[in-house]
Amino acid sequence: MMKEAYGSACKICARPFTVFRWKPGKRARYKKTEVCQTCARMKNVCQTCVLDLQYHLPVQVRDTVLAKEEGGGQVAVNVPESDANREWFSQQHSRMLEQEGAVSAYGKASGSANNALLRMARREPYYKRNRAHLCSFYARGECNRGDECPYLHEMPRDKDDPLAKQNIKDRFYGKNDPVAMKMLGEQKKNQRRDSKNDGKPREPPPKPEGASKPKPPPLPPGKKPPLPPDLLQLQRRRLRKKRPKARLD
Numbered sequence: 001m002m003k004e005a006y007g008s009a010c011k012i013c014a015r016p017f018t019v020f021r022w023k024p025g026k027r028a029r030y031k032k033t034e035v036c037q038t039c040a041r042m043k044n045v046c047q048t049c050v051l052d053l054q055y056h057l058p059v060q061v062r063d064t065v066l067a068k069e070e071g072g073g074q075v076a077v078n079v080p081e082s083d084a085n086r087e088w089f090s091q092q093h094s095r096m097l098e099q100e101g102a103v104s105a106y107g108k109a110s111g112s113a114n115n116a117l118l119r120m121a122r123r124e125p126y127y128k129r130n131r132a133h134l135c136s137f138y139a140r141g142e143c144n145r146g147d148e149c150p151y152l153h154e155m156p157r158d159k160d161d162p163l164a165k166q167n168i169k170d171r172f173y174g175k176n177d178p179v180a181m182k183m184l185g186e187q188k189k190n191q192r193r194d195s196k197n198d199g200k201p202r203e204p205p206p207k208p209e210g211a212s213k214p215k216p217p218p219l220p221p222g223k224k225p226p227l228p229p230d231l232l233q234l235q236r237r238r239l240r241k242k243r244p245k246a247r248l249d
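All the letters of the sequence shown, read from the start, carry residue numbers 1 to 249 under UniProt numbering.
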């Protein structure tokens, strides 16, 4: 990991901050911190991926669920977008952090909001986020480096795809985030499906193809079990063939 003091400007407040840069894997791309520590603490997000630190969700998804479950969104922190207001807000937030030791009220969500966010949270690491950038020469059909190319040989997304237009400021402020809109849309579909199925009686789950049949009751001692019908027919045919033919005198 490389550390550079005041190496870049924050993508939100444009102030210089200490940048950390590292490579998470052999075929992965270099990653670095994009926002300063002050802005990340105000929204309780990661400095690199700008996702919530507790639930690993986009800011828009987290704030929408909190506003719905908490009744008005008192837990969500609205960071001003103008330079002067954002500077004043960051100073007040830093002062509160030094005096009271409280970062924000995001960790004080109620039980219903916490359960709703946990259901939507990603429980496994998303390794596609560490993949290399797309190779522009491959998209034009001009890349001749083959397997030695450090970039990803895949075609870019369609321009009409909303996921192709992602902005770090939209992710931070929780506005017009295409990833968050997709997750919220899937949540609404699941809620509608669950509400429709609540009034209907649930059908028993289908039995698997290889399910075992119930065992017959035990036989009394000294009695042999009956033969299956296929074996019984086969045994009768063999007995008919073994019978001697009658002689005609």
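Because the hints were derived from the structure by calculation, they are not lab data.
Bear in mind that the values here come from a model prediction, so they are computed numbers and not experimental data.
In this text, a Cβ means the ideal position worked out from N, Cα and C, and glycines have one as well.
Fair warning: there could be bad hints in the mix.
[Said to hold, decoys possible] Each pair of labels, with its calculated beta carbon distance range:
1. N197 to A14: 25 to 35 Å
2. E154 to P216: 57 to 67 Å
3. K26 to A84: 44 to 54 Å
4. A84 to E154: 35 to 45 Å
5. E124 to Q187: 33 to 43 Å
6. A67 to R129: 46 to 56 Å
7. A84 to R129: 26 to 36 Å
8. A84 to F20: 22 to 32 Å
What hints, given by number in increasing order, does this structure fail?
Checked against the structure, the hints that fail are numbers 1, 5 and 6, while the rest are satisfied.
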